[in-house]
Amino acid sequence: MNELISKDIKRNKTRMVKIKVEFLGGLDVIFNKERVHNLNVPKEDPVTMADLLDFIVETMIANKKDVEVFLENGTVRPGIITLINDTDWELEGELEYVLEDGDIISFTSTLHGG
Amino acid sequence: MNELISKDIKRNKTRMVKIKVEFLGGLDVIFNKERVHNLNVPKEDPVTMADLLDFIVETMIANKKDVEVFLENGTVRPGIITLINDTDWELEGELEYVLEDGDIISFTSTLHGG
Amino acid sequence: TSDSPHPLSLEEYRRYGRQMIVEDIGGLKSQLKLKAAKVLVIGAGGLGCPALPYLTGAGVGTIGIVDNDVVDTSNLHRQVLHDSTKVGMLKCESAKQVLNKLNPHVEIVTYPVRLDYSNAFEIFEKYDCVLDCTDTPLTRYLISDVAVNVGIPVVSASGVGTEGQLTILNFQNEGPCYRCFFPTPPPPTSVSSCSEGGVIGPCIGLVGTMMAIETIKVIIGSYTSENFKPFLMMYSGFPQQTLRTFKMRGRQSKCLTCGDHPTINKEAIQSGSINYELFCGSRNYNVC
Amino acid sequence: TSDSPHPLSLEEYRRYGRQMIVEDIGGLKSQLKLKAAKVLVIGAGGLGCPALPYLTGAGVGTIGIVDNDVVDTSNLHRQVLHDSTKVGMLKCESAKQVLNKLNPHVEIVTYPVRLDYSNAFEIFEKYDCVLDCTDTPLTRYLISDVAVNVGIPVVSASGVGTEGQLTILNFQNEGPCYRCFFPTPPPPTSVSSCSEGGVIGPCIGLVGTMMAIETIKVIIGSYTSENFKPFLMMYSGFPQQTLRTFKMRGRQSKCLTCGDHPTINKEAIQSGSINYELFCGSRNYNVC
Ligand SMILES: [Zn+2]
Ligand SMILES: [Zn+2]
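Protein chains in written order, with the numbering used here: chain A, 1 to 114; chain B, 115 to 228; chain C, 229 to 516; chain D, 517 to 804.
Treat the hints as calculated values from the structure; they're not laboratory data. Some clues are possibly wrong.
[Stated by the list, open to error] Short, incomplete list of chain B residues facing chain D, as computed with Cβ under 8 Å: (1) G139; (2) G193; (3) T201; (4) D202; (5) E204; (6) G207; (7) T222.
[Stated by the list, open to error] To spell it out: a stretch of chain D is covered by chain B in this simulated footprint if at least three of its residues, at any positions, have a beta carbon under 8 Å from a beta carbon of chain B; those stretches are: (8) 559 to 565; (9) 609 to 615; (10) 669 to 675.
Quantities reported herein were computed from a predicted structural model and do not represent experimental measurements. Glycine included, every Cβ here is placed at the ideal spot set by N, Cα and C.
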């Protein structure tokens, strides 16, 4: 588990949305091999999935070359399944979905072996 | 799913504790083959697991001959595993555990086939 | 034969009795559905090796096996239907030998070919249900596309390392297909981590066993148009064994294969105009 | 042999390579632990049939099989390691024939006996880990009692219908035993529903496959004294496949076998003074 709290958030006691993010199916390789991360995402306006993707890229991917493993054309790259509380994000509004405290967001690579 | 609301509870608007009870491993045979029951248990004092066992016997087991499949010597009969929120009730105080709203209580027969 | 007074032989009653009495199976009626079923298993590898004997044991009437690969020593830790004496033999023939002995009531048909756009329809059209036990995105798109066009469901699974995934595609020609989930294939480079990942035998084996269970449900009608909801199951073997079920999108109206205006139809596939090799970018996919 | 420069033959490297590169396995060190391990599988039925080939394929050095039963047609829908040509043959011998061909590097030892208080110690003392793949409470108590006294862990599972359970007992002589969970046996009548319940082949097969995975974890040290927490896993195959993990009680100080003042010790068991038949009330338990 990995607690990420942006410093100025702590200082200003700004509101945050507390969520859990999981990287499954091997995606954890670009996140220090940590599969589960508890996040406090800065909240000024409603925080959307689009904001979360920005936050992940800016604060959690150490090697910028790895960003293309996660994103393509401004959204989650093909072959990664995105789930909001165990439900396909396509059913929840995709990039426009507004995060709530306690949400579990999962990203999983599609597996191909057999 | 099976909603059980005692009539006088509804009338008096008495407090209730709302829980989910599951009968697994074949135990559902004595509960109309319903595995999952949403219960509203009348709450005057703290409601304990002991109270829940009484409530189940009084209101949910249609055939009184079946009580011995579920209870023995005033507690859950040997061979049935009792779980409070997916945890062995031995770790939670057994009969003295005080139920809270949202608790999931599971009873499962031990299986023996192989 | 289901109208005859003794639709099963005494030997068959003995053989299937212990499964027919399970309430979720549903007795003779379901056993006869299994007997009448024709199931195509594509790939006799890590997933196919457990799926095949359980389907054969359960009494599926006809089982086709598509695999042009031969048994190799490096397969045997996970492909336990084969054995060391079969190294070099076609996997589909090796499997057939074992399955014929397990249950002589089941007809096993082998296809020692590499599935491609030119042979897929001819094979699929003989079957009611297909199991995708293959290991490349290219084949997964092809199998799904052909199954949609033939009008049969796909029990599709995959696994790498200690993890696995399973879904049912094109259920009753209403459920989503592989392209509904993945309209765009992953970039070839993204699959590379898998090629070095290896696989633990019983982990991929567990997922193949799950496929047999889902296939039985499809055949006997446990899933219906009313109760079927698109899903993806995700199994993980380490550190603790877990199984999660994700609720997935339904059929996509824009889907090129199963949507409102499909362009990936039988003619387009068979003419070779759907270039799966080009579409998926590379043959480096063949990773597990 | 682990000190020698080439502790595995080239053939073994080829055979186990795809599993050794999985990060959760841990490479050569773990492969050598598997090779050195002696695992006893009690019961070559619905659970043993998938557990055995995956342990054999993974390269467990020595595998003992205890089973005095013979193959019957009614077993074959779920006991898919056997086949129709083996009907009437001892299950342990039938299994050995298949496993020897699967992986000649593994020594398979058969015990065509009914496990009881008089023979259990002699057999158990040769092994590091035991899999309880049996089908009666009586045997489950005996296996757990003997394993505690010999000081080895038990990977214990069971299944009926479409459901199954799995746990690890006496882990590192610190974890709970079967009697910690069940100090009192169930009344014989309560098991009756199971005897009519039957079983679906791949459902019990999935649980047996899970046993192989847990056994590999125990052998290679994935579980440690620090991270092991007593658990019971519960699998259900219908209507949806689900797997839940329950957190269980630890070792009970009052346990007659593993507690502070144990009375069920080697001498008591071997003298026959622990009457398992009487204790469990009836032989009607032999249900699946
Ligand atoms: Zn589609
Ligand atoms: Zn104990």
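Hint numbers contradicted by this structure
Hint check: 6, 9 fail, others pass.
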